[in-house]
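Given next are the chains, with one letter for each unit.
Protein chains: 4
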Amino acid sequence: MSVDLESLYTDLHAHPELSFQETRTAGVIARHLADLGLEVEEGVGRTGLVTTIRNGEGPVVWLRADMDGLPVEEQTGLAYASTARGTDPAGNAVPVMHACGHDMHVTALIGALERLVATTDEWAGTIVAVFQPAEEYGAGSQAMIADGVLERYPTPDIVLGQHVTPLPAGVIGVRPGTQMAASDGLTVVLHGRGGHGSRPHSTIDPVVMAAATVMRLQTVVSREVDPRDVAVVTVGSIHAGLKNNIIPAEAKLELSLRYPDDAARERVMGKVERIVRAEALASGAEKEPTITTDHSLPPTINDVDATARLSHAFRRAFGEGAVVDPGMFTGSEDVSWFARESGAPLVFWFWGGVDPQKFADAVAGGTIERDIPTNHSPFFAPVLQPTLDRGVENLVVAAREFLA
Amino acid sequence: MSVDLESLYTDLHAHPELSFQETRTAGVIARHLADLGLEVEEGVGRTGLVTTIRNGEGPVVWLRADMDGLPVEEQTGLAYASTARGTDPAGNAVPVMHACGHDMHVTALIGALERLVATTDEWAGTIVAVFQPAEEYGAGSQAMIADGVLERYPTPDIVLGQHVTPLPAGVIGVRPGTQMAASDGLTVVLHGRGGHGSRPHSTIDPVVMAAATVMRLQTVVSREVDPRDVAVVTVGSIHAGLKNNIIPAEAKLELSLRYPDDAARERVMGKVERIVRAEALASGAEKEPTITTDHSLPPTINDVDATARLSHAFRRAFGEGAVVDPGMFTGSEDVSWFARESGAPLVFWFWGGVDPQKFADAVAGGTIERDIPTNHSPFFAPVLQPTLDRGVENLVVAAREFLA
Amino acid sequence: MSVDLESLYTDLHAHPELSFQETRTAGVIARHLADLGLEVEEGVGRTGLVTTIRNGEGPVVWLRADMDGLPVEEQTGLAYASTARGTDPAGNAVPVMHACGHDMHVTALIGALERLVATTDEWAGTIVAVFQPAEEYGAGSQAMIADGVLERYPTPDIVLGQHVTPLPAGVIGVRPGTQMAASDGLTVVLHGRGGHGSRPHSTIDPVVMAAATVMRLQTVVSREVDPRDVAVVTVGSIHAGLKNNIIPAEAKLELSLRYPDDAARERVMGKVERIVRAEALASGAEKEPTITTDHSLPPTINDVDATARLSHAFRRAFGEGAVVDPGMFTGSEDVSWFARESGAPLVFWFWGGVDPQKFADAVAGGTIERDIPTNHSPFFAPVLQPTLDRGVENLVVAAREFLA
Amino acid sequence: MSVDLESLYTDLHAHPELSFQETRTAGVIARHLADLGLEVEEGVGRTGLVTTIRNGEGPVVWLRADMDGLPVEEQTGLAYASTARGTDPAGNAVPVMHACGHDMHVTALIGALERLVATTDEWAGTIVAVFQPAEEYGAGSQAMIADGVLERYPTPDIVLGQHVTPLPAGVIGVRPGTQMAASDGLTVVLHGRGGHGSRPHSTIDPVVMAAATVMRLQTVVSREVDPRDVAVVTVGSIHAGLKNNIIPAEAKLELSLRYPDDAARERVMGKVERIVRAEALASGAEKEPTITTDHSLPPTINDVDATARLSHAFRRAFGEGAVVDPGMFTGSEDVSWFARESGAPLVFWFWGGVDPQKFADAVAGGTIERDIPTNHSPFFAPVLQPTLDRGVENLVVAAREFLA
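Residue numbers (the working numbering), protein chains in the order written: chain A, 20 to 423; chain B, 20 to 423; chain C, 20 to 423; chain D, 20 to 423.
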């Protein structure tokens, strides 16, 4: 009896969980793997899972999918839209949504494992399937590594992974070299002095300090980075105050920074820190801002030879036009830690989840940004098919390419 | 057996409650009033209380105290500091503190009632004591009026109230005419378009929209109001986003506006609205901002004749230097609704709660703003004595002045 | 033959001169004074003039008028509008206009001298008439004092002066105590690093540094000054760059600051300097900004007794309603140096130059700001009459009040 | 007798002229061409020159050099530094400097013509040498075309040109396809309402309007353009006001915009216009801003085949490492109009003018931006040699490659 992948996908979509809280998701995955006759270890890196298919002599191929959802309030209007709520690390009740397609990643990997199990006479080697938690915190792969995943399982000859993205369905995007940006997540706390909303002069207003800082941070990208280089400085959250008539004592900013490499990281971080500190001085703050790095992700660098080999395999399987070079993505991933720490080559590719006609119309109309919701948008929703089938096939083709 | 007012005060201080949630506070008040042999009605205007002392023919004097605390995390280090938590109207868990001295107001009114009950042979008339909830929402007095307090109790010949403030202990501040500013509390929701933190171009960033709005709102006071007029535009809270790598779909600002009268209100409100709407246009927002008035407070206007009479009485009781004209305060109050709706005159005064030597040192050192915490500061803490005794005496002197 | 004051006024209006360049103006004044039979000394404080009327024993009354125009391009459309050009201290060709009414001041003083000369049998004492240059630079009175005017002419028993302003014609505004604000004029040079407009990352952009500084300076008044205090921080000029595709090496700001007294001056200056320096740091400037004080004016403080006496005289002459308390003006003057340095009392008053009906309509319509051009506006234009006649009468009444 | 190219260069450097004012420069060029025995036409496109070398049957090769300086105050400290002053189109006296190396371009072309004249036995065809004015206004090539240069001279088979740049001396940078960005120069006039610096409420402050606009314009690049795309929004000049105590009536901004193609141009222009208009609304401006396009430059697109051929020739002449792909430059050029209008292919390359050791040290130290002045910087100064010799050789090699 084959897995009903579409039902699995809509079930996962309707029940997203935040990073390191993917316990229901893990249970669903474990049950399906058991149905395939596979042994599965749960709780690897807190909420991750690993399963292994040993099929004679041959290369060791790691297939990785991430599992976690995001604190986003789903607005897709889908029949299987999420209404879930979770609790974020700060203890706040937040909505949760699979706004980055990790439900699709999990389902495609389970579908691929089913096919690979059914065709063991056609290939040889070892498959290690890794269901990784907490990609969105940039912490899950390191948690699994800290938990010994690289020692306790066969060492990879290659690490493979994929991500669904707003390309037209049917299209694979992959490039040799830097495929995704390096990134850092920072928390900045600006310290002012609280007081009565009617007496600003007796306070040091952290709301104005934060606003001035946000405006000034725009100049890092607009003025201080070579226009030909890639850099992003996003203030993803800003929080201060509880009531209109109380000037609060502090403000908190959460920043996401992106760049292609470590040299750029150092330059941009230096500029951000310079601006944050100077804007506190401009406010007359009595205490320096607190700047904390919450996570730090390396660039995702595809092995040049393995990428060429896989692109060739994809073209053979899906046609000449099926593979494009999408350029470096400004998004970031922690998948590369598995490759970096083990010394194995990595190939990480994107596959399209947008109805091709809709995509073509948006391109023609110049309305891509408005009409094609991106990952992390409350409207993000890959078309179920052919996205799901292609997600399965991509993994099968890729695994088979590197297996014997 | 007399009331232990100091214990009452520290108990109330340690157990603050948010607006319209003052149920423990109401219970404490009711118990003390019952101990004084007074009948008390609870639940007036949700969590308010009223008691009446009828003592023969004579004027009807209303004495009003407010009861609620604020969502502020106490940092006074006092032995009786609050560690309370509450739930704000949006459902968030927040710290709570008596950061505006309403605990002092309640205690002083109970102390004054005790003295007035003990001296009924010295005066004639009727005292109506009003323990009002939710002053901080600008909603409590109107809730009591909607609940019929003006019809169900003797109509006031005068309404009296007082507020503890960072004047030196021993000093009363009161002036005829406008004593406190008119004020509005606004909530502004700025609508952007959410998306991935690494792809700002696919979003309409509400964090930047909010920051630009906050910076532009500064120009209302700095450029558009006559420098000789009083106006305040405070953004007391700013909230957007849940995670560094998700650009949220909207941002919320809470504003507190202050002005001396309704003409200024109209002008300033118009400017604020113009700026908010234009900044959304500058961001290319696809939806207009939502601007809601949460509360609207009239100016607190002291009756000229009654204020002169009371100032004279205060000087007689406490010495010539005991009364100063503190100018108009930019803070606001909803006490005046009792007077406006009943047609009675109002006198509302401030009394000092700061150690006089500390105050003098701060004046001499030019460090008032740094060293003397104001109302709504996490460090706000009137010195217990003589502040409490004087709060009691003020009310007794004032009530006796207007009673027969 | 009497002076044709209207022709004199329109001639002066059509030929304004910048500060310390009032040579044509001085010539016109000298000729008229000579026609009145008065001896006049020219070149006092570079381009100023002084004349004296000695008429027996009695008090010495100084009457002062200022003479200079402003770098404003007149847009009044008047038949006698200025088309003059001048050269400012930086060597730039600029338009010039009597946008502050000093032409009216000069004409009124000449008219008053004519009347006083014609009525010497009615009064006794000494009149010193001072035509002061360069009030707009805040430098003229000090230049005259440095030139010995206080030693070389009879020491004043009182110093009197007046200013035309957008009050209704017929109204005098005067108050005891602080009549006009203290003020400082600052020049701020922000040092960046120049380069090609297409390569911002190789520069330190002084245009953005200047813009951020201007926005942040708004918070001095909006957040850091007690809303009940008077303060103004105006950036009256901003200059950087010569071409769209060259990022310049520096930017220049000229600031005008206003406050009621020296304590406020120190506080505001400190805040301005803090912000300017911090914004340079935020830009990563390699050189500290240069901050220069161009002029520094004391508050204009009217003597309490003399003001009461003069207000009484004005009411007697022009009717009870003719004198109002206009509050402290945020404008500034250097007239008070004559009084400060000589120890004499000062009275400085405003008189109205707006058609009363037009003023009343603007008040009723709430369009004062739009419809009634203020001093320094390119549309500033007192109605010729009754403004001029009243300017003459004011001085005659005032001088006679203090003469024997 | 050969031309003393070094003396020619330092003479041109010391005597820069603004766009369309290059009359002395034209005279120097004309004299040198005459010395070479060439006929020269002056006044083509106002101040441009053209000369032709006809040398038998063969291709027609156009060699172009631009001639104009910039309003920059030279700070190189060179013995031959410019102290020249000019008058810009607005009538202002400004400093003038060869801050973009056009003096080097002119000298190198004269040197190359000398060599080509001396070697006519080695090549066949026709050379058209174009000395173009007003490149910095983006107007010179169109002026020459309007003046009939394409009709009156042999039609080009190829158009060649070069630009000195901060690459190491000895290095040529060239790439097929888009070599330089498209660009627009805009003038924005923001209309406020002028008035007295002490009465901001009676004005609509254009300085604040301009500052807010500059800050908001940063978000075009930081938030609204794909981080992987190239775009620049520079405000190269900002001007408002003449005096600290007059709030002016308007502010003027000059913008330089850069992008790779016309689609991006349309998007960025739309965003800039949206922000400018919205910020005027935020200020309550009574009149819409005036936005004028001063010039509009197409991208400089190198012909793919001709670039390959020329790169090969350069490598053959100067060694394998001598040619690099410098990426698209964000600077812009009007040279391509000659190719676009005639239908000929274009190759435009950069050559290095920085001492190689100094360049290497700056790269190693991460101080490129600080230590290597770029074009348009007041410190821009190519090392005289080998820059000049290589400029000559580049042109000779390139011309000979495309001649018979």
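In short, the hints are calculated from the structure, not lab data.
Given the structure is predicted, the values throughout are model-derived calculations rather than measurements.
Backbone N, C-alpha and C fix where the C-beta goes; we use that ideal spot for every residue, glycine too.
Wrong hints could be hidden among the right ones.
In silico lysine to any residue, SDA-like type, Cα no more than 25 Å apart, as pairs [to be verified]:
no., chain 1, residue 1, chain 2, residue 2
1, C, Lys271, C, Trp142
2, A, Lys306, B, Ala336
3, A, Lys306, B, Arg171
4, A, Lys271, A, Glu305
Distance ranges between label pairs, derived from CB positions [unchecked claim]:
no., chain 1, residue 1, chain 2, residue 2, range
5, C, Glu339, B, Ala282, 24 to 30 Å
6, D, Ala109, C, Arg389, 45 to 51 Å
7, B, Gly196, C, Val343, 50 to 56 Å
8, C, Gly56, B, Ala282, 53 to 59 Å
9, D, Glu305, C, Asp281, 53 to 59 Å
10, B, Thr138, C, Glu339, 49 to 55 Å
11, A, Gly340, D, Gly346, 25 to 31 Å
12, C, Pro108, D, Glu305, 48 to 54 Å
13, C, Gly56, D, Glu305, 48 to 54 Å
14, C, Glu339, D, Glu305, 34 to 40 Å
15, C, Gly196, B, Ala383, 20 to 26 Å
Against the structure, the hints come out as follows:
no., hint, in the structure
1, Lys271/C / Trp142/C, "violated, 53 Å"
2, Lys306/A / Ala336/B, "violated, 45 Å"
3, Lys306/A / Arg171/B, "violated, 54 Å"
4, Lys271/A / Glu305/A, "holds, 16 Å"
5, Glu339/C / Ala282/B: 24 to 30 Å, "holds, 27 Å"
6, Ala109/D / Arg389/C: 45 to 51 Å, "violated, 30 Å"
7, Gly196/B / Val343/C: 50 to 56 Å, "violated, 19 Å"
8, Gly56/C / Ala282/B: 53 to 59 Å, "holds, 54 Å"
9, Glu305/D / Asp281/C: 53 to 59 Å, "violated, 38 Å"
10, Thr138/B / Glu339/C: 49 to 55 Å, "holds, 51 Å"
11, Gly340/A / Gly346/D: 25 to 31 Å, "holds, 28 Å"
12, Pro108/C / Glu305/D: 48 to 54 Å, "violated, 32 Å"
13, Gly56/C / Glu305/D: 48 to 54 Å, "holds, 51 Å"
14, Glu339/C / Glu305/D: 34 to 40 Å, "holds, 39 Å"
15, Gly196/C / Ala383/B: 20 to 26 Å, "holds, 24 Å"
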